[in-house]
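K.L.:
Chains as they are written, first to last, in the numbering used here: chain D, 58 to 292; chain G, 52 to 456; chain U, 82 to 683; chain X, 148 to 442.
No lab work stands behind these hints, which were simulated from the structure alone. Wrong hints could be hidden among the right ones.
To be verified - Below, in silico cross-link-like pairs of lysine-lysine (PhoX-like), each with a Cα-Cα straight-line distance of 20 Å or less:
hint : chain 1 : residue 1 : chain 2 : residue 2
1    : X       : Lys305    : D       : Lys165
2    : D       : Lys185    : X       : Lys305
3    : D       : Lys166    : X       : Lys305
4    : X       : Lys305    : D       : Lys162
5    : X       : Lys305    : G       : Lys278
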Amino acid sequence: MLQVENVTIGYGKTEVVHNISFHVKKGEIITILGANGAGKSTILNTIVGLHQAKEGSIRFQDKEISKARPDQLVQNGMRLVPEGRQIFPQHTVMENILLGAYIEKNAKKIHSRLHSIFERFPRLEERKNQMGGTLSGGEQQMLAIARALMTEPSLLILDEPSLGLAPIIVGEVFALLKQISSSGVTVLLVEQMANSALKISDRAYVLETGRIVLEGRGEEIRNNADIAKAYLGNV
Amino acid sequence: MKRKSAISVSSIILSLTLLFTGCSSSDDTAKEASSKPKEIVIGNIGAMTGSSATLGKAQSQGVDLAVKEINADGGILDAKVKVVSRDDGADPTKSKTFVEELVDKEKVDFMVGPTNSTPAAASMAYLQQNKIVSILPIATSTQLINPNNPYAFRLIASNAIQAEAIVKLAVEEKYKKIVLVADTSALGTDGMSVMKESMKKYGVTPAATVTYKADDADMTPVAEKIKDAKADVALFWTLGADGAKIVRSLERIDYINDLDIIGYTGLVMPNFKELAGPGADKVTVVSAGSWALEPGKTELAPKYWEIYQKLIAEYGEKDKRDTSASIIASGYDAVYLLKWAIEKAGTTDSEKVKQVLETDIQEFDSIYANHYEFSKKSHEGFPVSDLVKSKMDDMAYGELYKKAE
Amino acid sequence: MPNSLLKANSKQKKYSRIFTMFCTVSLLVSFVLPLFAGDYYMRIISLIFIYMILAIGYNISAGFSGITSFAFAAHYGVGAYVSAVAITRYNMPFLIGLLAGALASGLVGLVVSLPASKVKHHYLALISIGLLEIVQQILNEWQWFTGGAGGMYIPSWNIFNIMLNNFQKYYFILIIMLFCVALQRNLRKSRWGRDLIAIKNNEIAAAGVGINFSKYRIAGYFLSSMLAGLAGSVYASFSGYLSPDTFNFEFTVFILLMAVLGGEGTLSGPIIGAVIATFVPMLFNATPDLKQIVFGALLVVLPQVMPAGISGTIKKYFKEIDHNKYIVDQTEQNEFDIQSNFMKDHSEMEDILVVKGLTKRFGGVTAVDGLDMTIKRGTVHSLIGPNGAGKSTTVNMITGIDKPSEGSIIFNGKEITGNKIFNLTRKGLSRTYQHVRLFTNLSVVENVAIGGRLFYTYSIFDSIFRTRKMKKEERKSFHEAMEYLKIINLYDKANYDPESLSAGQQKLLELARALYMKPDLLVLDEPCAGLSETETLEFSKIIHKIRNAGISILLIEHHMDLVMEISDYITVIDYGKKIAEGDPASVTTNPVVKTAYLGEGA
Amino acid sequence: MQEIVTALANGSIYALMALAIGIIYSTTQIINFAHGSVIMIGAMTSYWLLSIFHMNYFTAILLAVLINIILSMVIYKVSVEKLGDLTQNSSWIVTLFGAGIILDNTARILFGTEPKAYPFLFDGHVISIFGTKIMIHEMMMILVAVIIGVLYQIVIQKTNFGRAVRAVSFRPDTARIMGIRSNRIVLMCFAISGAVAAISGALIAPITFASYTMTYSVGIKAFAAALIGGLGNTKGAFIGGISLGLIEGIASMIVPGGLKDAISFLIMIIVIIVLPGGILSAKLFTKGELKTEKI
């Protein structure tokens, strides 16, 4: 579904991501693991079109998208849940969700999706008239995901959904992702919480300083001693 | 580095020596007099863009038309006439720079303009230094014509003359409470002060003086102040659009019927009535008598009518141009005045031309004012007697005003 | 300086040769010009010189200090009128009048920029539109002072009872102009200019090297409005007549055009801009309508096709970087010893930094929650934790960028809670940043040298007149900066643009800058994030060196190899709370830490 | 009473003009320095259509609005779009000025220099309420301004487009992730701003007369009003506009006429200094603080 081939990304003269390749198959949950500064967010921003790769090709559903605009990609079924959630704090919860459906012009569809979203996230329905900024961290993450689901994406990309969330909530989020995945949505996840993420992942890549150093099935990687090393060092 | 500082040190020394030993170059290059000039260059400066573009454009149109005619007719003293025009945008700095350019680089022999008073004030000194005879067809600021400016001649009625005329009108018609109204532009300030002086001369004190910022949106406060002073006449030293706004505001506060308004020439504006509404018939202005229709007539006196037809032929009816005929005529007259003076003097020498203008002016057949009154003492050409009272309410041909009864 | 450097930059050399030649030629031309130019050109060039002074003033404000202001026509006007009034009404000597004009304009600048220190920079632009309007109306209305709308006349120049003729005026203006050019150059090549540029480049990093940016902004604006006032004063006497009409909106736009054309923030920009902005519109003198439209079109098109202006574009082509002669003088090649450079008294109290109950709330979120931490003198103390745990917030509070909601910070026995970062640097605290914050408009060596600005003592007058004291201090400072570059192996890139360095080198450069501040406590915020394996290795070596020199380090880092190897003590936080503390070995084996990092079920 | 009516009527037009500035500011954080010229073009084109082509009031203004919409979009395309990050690159100040100069001079060449008598709505009919004469036109000025303000507020609060505008103004990149084309939203804002400017120009022109000098005589007040009230929000624009109207009314009674605007601007400066976000302190001030998130 998504193929990233030999992609190099940089800001100005500094290269952040060096010649990486990976792919995501339909229906999978894929995790990219890596410590802070490894270049994870950069890769995601490039995939969704916020940033241009210096070299390499990115293909989505067999179409070259390395030069596509974000809105075109959203139209084609790709959705990013950005790092730090980035909900709109001065929009109400309802407005945040509706913004998620910005490109959808069919009111009926919006309505029915809204219905199913509120079924899935009853908390959000309770708070739909509250300002986004007043939600707790976990609720904001739910909102960010709900917002992304409003266009029924085929590929959902999440940038560190566990960031700053309490462990219980992290568990909830990952459970939710599993559930979303089982409803047929392909999930690409960038995480630092290796164990929790790997538990739900089909495959995973480990990123270190802009390079992929390890790849394999979720369980494999989880049991790999090197993964702890990537985080806690060689002790 | 060292080289550079050495250079700069030496150059500073060089410049200091130059500075204090005083390289007294010939600053005052006297105009070389040649009795048979090959080409006569006339400079023309005015605001052709910016907020007072109308006047500068009108002056230029007049100058251009006159020069075209003169050249078609063989020029002056068999020399072709060349006009160099510059747009100063009513900015004194630009105007002065242009005057310097025209004098030093284009070597103009004579000047027409600058149109606006502050630019004229800024550049006057340089013109005098270089002994350029300059005709001021439009600038009205009182100060411009004085003994320090021996080569400047004015065609239009100066602020002082106009103030005198309108104050006289007000006094003669026995108004009790006179209010003076002027904007805070250069023109307005000068107008206000000359009006006050004239009032003093006639021994009357104004009931109030009202000033406002030119081009202001809301003139209600001005109208209120006039009303508060219980004025029976207001002397307007305002430009047309602002004057019209005030008239309208007076109407709004129901005071227009208790008031007469006398304005100076700047108030004259073809669509004044349209702008001011019905209150316009309470407004009279002083204007050049030759360019005002006698009551009941449809044509000017033949001499002026002929020129008017010419202007129309060249630049179109009123709605085709936004310049006013009488001002074009004044620019036109400036060039013919120069032609006459040069031919009479037989040379382009400034001194001789100046002398002709000062002594033989009554021989010149003018088309803006009835005649001009230059003398050795005064370079104000416009005869006070030629100022007439005109009505503003309806104009002929879109621009010619009618004499009041 | 090694010869290789000069060879590598042959284009620069070519540029500097062409530049010197160009300067010499134009200087010579301007000196001999009056002899054959004729009155008109002489006067217009005098006017251009005045505009150059004005443009230099604007450049110091907009180009160097980063303050956009539309009030320069007003400053120019205030200068012109005050000097004119001083000369005509109060019979002051001409030169005193000049000074009075400049000073008055500077004062006006001071008054409007004082509140501007609080406000975002384009707000000053808006205030200045109002100021322009107000000054114009006051000039119009204040009749007894300014002569009102009708304008006022100023008698011709009279210096020491010598009336000047056009020639002398020309040379007089030329000298003042050259003085201003020199002033601009000297300022740019001294600590003052570097400080201003640093503020424009990166406010936070500037504060991090101890620059109180609001003060400097105000000073920069004061100076530039003074220059504008000086230009105005000269203009007043040059022109002989003043009217409020001159100092209008259109004139402001003209000043902007000069800046845009020449290139903001360059030394030659104002000069080139003034020449071209005066001459190009003159080509359209005969067609006034077209002239206005061309003028507008220039303003629309130029900033888009040539954002750096003419001189900026040329400079870019040649990649010109200032040759600093203090570097060229460099001869000694001894190995630099950090230790000997830190002769601070180590016998003070044992705890260099004590943090108690530190708390930070952003809205409803508590980023740091009652954190206690103590750093012992001379140790490397690491602060680790997963993403979003509150490490950066903690460091920002310690270094005075964020204000703590609660809690106290004691540094070297002194309470520093809530102190601003630029005060902390003087007390011996310096830091690097997670996202590199270099001054991109300064060269590599200048970036380091600015770290040593704390040790300068020369005043702004020393820099304007390039006194011996200034030169000596600059030379010393640049020597030392070169030594620091040696440590980080960037010795041969001293004159490069920092942006041409690799990410690792940039981080190292930032480290060198922080080191040159000779801190007691060095705070490193993720120094190795985004670095390659080898770069990280190099970095760790340098950190070792620094530690051995006895400097205490607070380190935030994700490379655990590095952290474990280098740290004496580690504090682990998660959700803003301390979850573990101890030496590296005890921390790695702590299950709580593992869970925090890897998630449940580790 | 008379003064208050005038102040309110003028103030509501100032509010409209301030609103138009705020519309652009809200999404781009830039101030449209060509705004005065756009207002003027709105007034001049509608005058032209009214008096030369003898259209009725409604069609003329509608067409002028259309012309202004296109014009504003062209201004954005030509002088803003290519500049990149507008918070970093402040060249927009220069380019927008430039665009204004071109417009002013083109207008002068096309429409001439003479001020034109712009007809009042309902022929300037005056009604008398408790001895105060109120022109229906003045009531219309207030009414139209309020209607536009309310409409804009509804659009911005309740519609998809409005949500997108607020999203772009708050987090442009996140907005792009939502599939919102930030550029297009900004372009739309320029268009709307142009439309509002045309209406405000057409409504105030009967009072000031239609002339190419409106750019300065009227346009400059839009900035003062916008800044007094606070940039980028509707309420602020109205509070700013009406206060400016009242300030002018009061100032012209107390100080010499020539200093009236100086007083307005002085008050504007004081407001900016004391309350950087305008009387209704907007979120602006936070923009100037050190950004604490990503260091």
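K.L.:
State for each hint whether it applies.
P.N.:
Taking the hints in turn, this is what the structure says about them:
1. X:Lys305 / D:Lys165: Since the Cα atoms of Lys305 of chain X and Lys165 of chain D sit roughly 18 Å apart, the hinted pair holds (cutoff 20 Å).
2. D:Lys185 / X:Lys305: This hinted pair holds, its Cα atoms lying about 14 Å apart.
3. D:Lys166 / X:Lys305: Given that 20 Å is the threshold and the Cα spacing comes to 19 Å, the pair holds.
4. X:Lys305 / D:Lys162: Holds, at roughly 15 Å.
5. X:Lys305 / G:Lys278: The hint is violated at about 50 Å.
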